Amino acid sequence: MKKKLLASLFVLGTTAGAFSPTTILATDVIGEPTADIQINGSLGLDNTDPEEEIEEGDTNWINVTLDTATIFYNLAGTTSINSPTYTIANNSGRPVAVSVKNFASNSGDYSAISALDIVSPSPLSASRRLITTGQLEDFVPESSGVMFTLANHEGRLTATGNTTNPSATTFSYRGAVTSPDVSEASPSFTLTLQLDAVNF
Amino acid sequence: MSTTTIDLNGRLGIETPALTPSPDESPTTERNQVARTEVKVVQPMPQTNDQTGIYLSLLGFVLIFMIVGVWFLRQQLDNT
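Which chain is which? The protein sequence lines are Z and D, in order. Each step along the first sequence adds one to the number in the numbering used here, with nothing skipped, and position 35 is 35. In the numbering used here, each residue's number is its place in the second sequence (first place is 1) plus 200.
These aren't lab readings, by the way, just hints derived from the structure by calculation. Quick caveat: nothing in here was measured; it's all calculated off a predicted structure. Hints may be right or wrong, so weigh each one.
[Unchecked claim] One-sided and incomplete, this derived list gives chain Z residues near chain D with beta-carbon spacing under 7 Å:
| # | residue |
| --- | --- |
| 1 | Asp28 |
| 2 | Thr59 |
| 3 | Ile62 |
| 4 | Ala69 |
| 5 | Thr70 |
| 6 | Tyr73 |
| 7 | Asn74 |
| 8 | Glu184 |
| 9 | Pro187 |
| 10 | Ser188 |
| 11 | Thr190 |
| 12 | Thr192 |
| 13 | Gln194 |
| 14 | Leu195 |
| 15 | Asp196 |
[Unchecked claim] To give a feel for the contact side, a few chain Z residues facing chain D, derived at Cβ under 8 Å:
| # | residue |
| --- | --- |
| 16 | Thr68 |
| 17 | Ile71 |
| 18 | Leu193 |
Glycine included, each C-beta is placed from N, C-alpha and C at the ideal position.
Given the sequences, and given the hints that come with them, work out the whole structure.
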């Protein structure tokens, strides 16, 4: 009796197994005018995750925090221009290349400025000249090149690179005026930075 | 490519060392984050009329059924 039961179970199992492969054999479309494609959507992706399925170089990788209201100053009796220190940090899962896209005057007289630079200290050690002898530098088209590249928030510049690269840096303004007794003035400018996600 | 703007206000020839930024000059932070929508296509599975698999499976089933049947009959004959 036990042998009969075992034999019956074996036959039933083999019969079920014979038909199961039909559900996974789906590779070619032959002689059919239509084909269904399964589409799985992913919403609310996290661009701080380097493994996220976002297209390389896409703007959606950009996730940067920076100071957007800044000042510089020159004391009467001196020729130097100084400023507080500001920060820019990359929160993205991809490195971000930062470049100056445009620098424009909003108001005020800046003819007394002989030089004005935006400076990022070591280890990135980058700078761009914004004003030369009272004239604004021309950044259009984007000819300044990449000023510096911030690593992703893990400190990586490449997918397999080390995690010791800076993902944040500081910047400030340095420069000079033509003489120590320039007239008091309050020029105002808008600096436009270009942010590009770097492919891993 | 993404762009962001920074306001830069200068003070030239100031008489007092008023180095502390006034409230309207104080740095503020802007979180340059873009809402994201992404569609991912994973493992497309087109329709097919390929019947090779089912024929092979049925052949295997018949062979196994024959082997088991022979074995079962031999056991029955041995018991009698």
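Checklist line | Broken hints, by number | finding: none
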